[in-house]
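Engineer: Guided by the hints, dock chain B onto chain A, whose structure is given.
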Amino acid sequence: MTQMPFYVSPEQLMKDRADFARKGIARGRSVVVLSYDKGILFVAENHSRALHKISEIYDRIAFAAVGKYNEFENLRVAGIRYADLRGYSYDRSDVTARGLANAYAQTLGAVFTQDAKPFEVEIVVAEVGEDSDGDQIYRLTYDGSVADEHGFVVMGGTTEPIEQALRSRYTPHQSLGEALAMAVSALSADPSAGEAGESGSARLGPGQLEVAILDRGRPRRKFRRIVGPLLERLLNESDPIHDVPDTDDPVPGPHDTLSHDTVNHDSNHHDESNHHDTGEQGDVTQDSAGAGDSPRHESTNPQTQRPRTEGEVDGGESTQG
Amino acid sequence: MSERLSAAFFSSGGSSFTEFLAAHDPGLLPSGRTVPEGVVEAPHGTTIVTVIYDGGVLMAGDRRATMGNFIANREMEKVFVTDDYSVAGIAGTAGLAIEVVRLFQVELEHYEKIEGTLMSLEGKANRLASMIRGNLGLAMRGLAVVPLFAGYDIDTGKGRIFSYDVTGGCYEEQHHHAVGSGSLFARGALKKLWRTGLSRSEAVRIAIEALYDAADDDSATGGPDLSRRIWPTIATVDIEGAQFLDSEVVAQVVATVVADRQDNPGGAR
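These protein sequence lines are chains A and B, in that order.
Under the working numbering, the first residue of the first sequence carries the number 8, and numbering increases by one thereafter.
Under the working numbering, the first residue of the second sequence carries the number 92, and numbering increases by one thereafter.
No wet-lab data here; the hints were simulated from the structure.
Treat the hints with care, since some could be wrong.
Where chain B lies over chain A, by a calculated footprint (3+ residues, C-beta under 8 Å) [as the list claims (entries may be wrong)]:
(1) 73-86
(2) 91-100
(3) 150-158
Bear in mind the structure is a predicted one, so any value in this text is a computation, not a measurement.
From the three backbone atoms N, C-alpha and C, an ideal C-beta is built for every residue, glycine too.
Bound conformation, chain A alone (with noise of 0.2 Å):
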C-alpha cells in the first residue's frame, strides 16, 4: 500500500475527494441562513438541544454548518480560538467575518489537497453591520472556496427544493417573523425534513428546529438563540409575533437565550393572549429599570466599558476647563 500502483490524474484525485465530501454533506439536514431587516436569521433543522449546529463565534459574527458534526465542531472552536486572539491582541472591532472567513478557507482548502480525507461540511460565516447593507455572508465549502451571499443561503442534504422555495418567496426588509415562517416553510419542503416516512408535506415544529438570530440592535454581543414559548409563539401561525423583545430574558443565566414571550407589538391580538402579555410585560419594564441598557453592554471590554460619551463629559472636557 506504500507505493502508488497506477497514475491517478490531479483531476481524477480531486473530483474523488470531491464526490467524497459532497456525499458526507448531502447525509445531513440542511440549514438555512438569511438576512431581514434587524439582523441575519439562521435556521437549521435540529433534533438535538446540545448539538448546535449555529453558534456564536465572536461579537457581531456567527457561525451555521452542516455536515460532520465533529469536523464543524472543530471548526467552530478554531474560529472562537481565531476571533477572541485577534480580539485580544488587537482591539474587539479588529475582528471581521471576513478574515475568519478567509482563515478558514486557507484551512479547508490545504485539508482538501493535503491531507488524507477531506472535511466533509459546509459553513456559514456571518456578520451583522451597522444597517443591512453591511450585513456580510460568507459560505465556504468542503474545498476552500468561498462565496460572498446576499439574502439568503441554503447548505446541507437537498437544498435545491429549499433554493427554489426562497427564491420565489425571499425579499431583503422582511421582519423576523416573516422570514421565520418563510424559511420554516422552505425547510419543511425538503423531502428529507422532518421524520423518515413523511411526504415532506408536515410543517417542521420548534422542537425540530434550530433558531438564532444576529440582532442589530442588541449591545456588543447580537448572537442569541430563540427558544421556548418565544419560538413557538413566532412559528404561531394563527396569532404569529413579528420581532424578539428588545430586553434580555430576566432570569439569570446565559445571556444568549431568548426564551421570555413577551412581545406584544399587533394590537389585533384576541384577549387571553394580550392579557398575558402585558402581565409579563409589565415584570420585563421593572426588571430593566434602564432600558434598553441591558447589563451586557459594552462593559467587558476595558477599553469601552463605558459609553464613549460619558467618559468625554466625565474627564476630558473638565480638565480642560
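Structural biologist: Coordinates of chain B only, in the frame set by chain A:
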C-alpha cells in the same frame, strides 16, 4: 496572514483561552515573558473595596495611580466588569493588572462560547487564581498584582467575594473586603459600617465612606475630586447582572458624603 490555521487552533478538549495562548503564542501571556533582572518603577493602582448587600455585591475603586510619591494618573479605572455576573478590581502594578483582567475577561467569554454554558463562580475565582500564580516571577521583582474578585452566585442568589495573595492563593471573604495601599483604613471603616441586609444604595454609601477614609489617611488613594468631577468607579452585581453605577448617581452620593463630613471628619457612624 492567509495561512492555514495552526494545529493549536484544532487541539481538542481545551476551553481555556490562556491554555490556547500558552500553546500558540506564549509571548502574549504575562507569565510567558522573560523579564531582565532589576527593578522598574511603574504606576501602581491603589484601593479597592467590596461590600456584600442583600442579593448582590458591590465593588468600588478610587481613580488614582501612583509612581512613588508622584500621581501617575488621576482617572484610571480599576474596577472591571468581567462577565455578566462578576466583577474584578485590581491593586498593584497597573499595567500588568489591567492585562491580567483583560485576559481574564476573554477567558470567561471564551469558555462560555466554547462550552455553551456559564462557568461556575468558584470556577471563575480559580481561573483568576491560576493567572495570578503565573505572575509570581514578576511579583518577586516588585511587579505584584493583587486582584479582588466578586460575583453573583446564580445558585444561591447571593453575592460572594474572593481575595487573593501574590502567590495565587484564593480565599473567600465574608461581608466585605478591601485591597491596596489604603485597604487598612477602608477595612476599618467597612467593619464599623457594615451590617446584614444592606440595600444596594446603602452599600454604595458605605463603599464611598470607606474610600473617603482610605484617601484621608493614605496618600496614594485618591479622594473625591469635586473640581475635576472624578468619582470612584462603582460596579454592582446581582440578579440583574453586572453593571456600572451611573456617574451622576455616584456624584450625588459623593456630594452627600463630603457635605456630611463638614465639621465631622470622622464621617458616618
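Engineer: Taking 8 Å as the C-beta cutoff, is the stated coverage of the stretch 73-86 of chain A by chain B satisfied by three or more residues?
Structural biologist: holds (count 3)
Engineer: Checking C-beta pairs, does the stretch 91-100 of chain A have three or more residues closer than 8 Å to chain B?
Structural biologist: Three-residue rule met by the stretch 91-100 of chain A, so holds; n is 5.
Engineer: Verify this for me: three or more residues of the stretch 150-158 of chain A with a beta carbon less than 8 Å from a beta carbon of chain B.
Structural biologist: violated (count 0)
Of the numbered hints given earlier, the model fails hint 3 alone.
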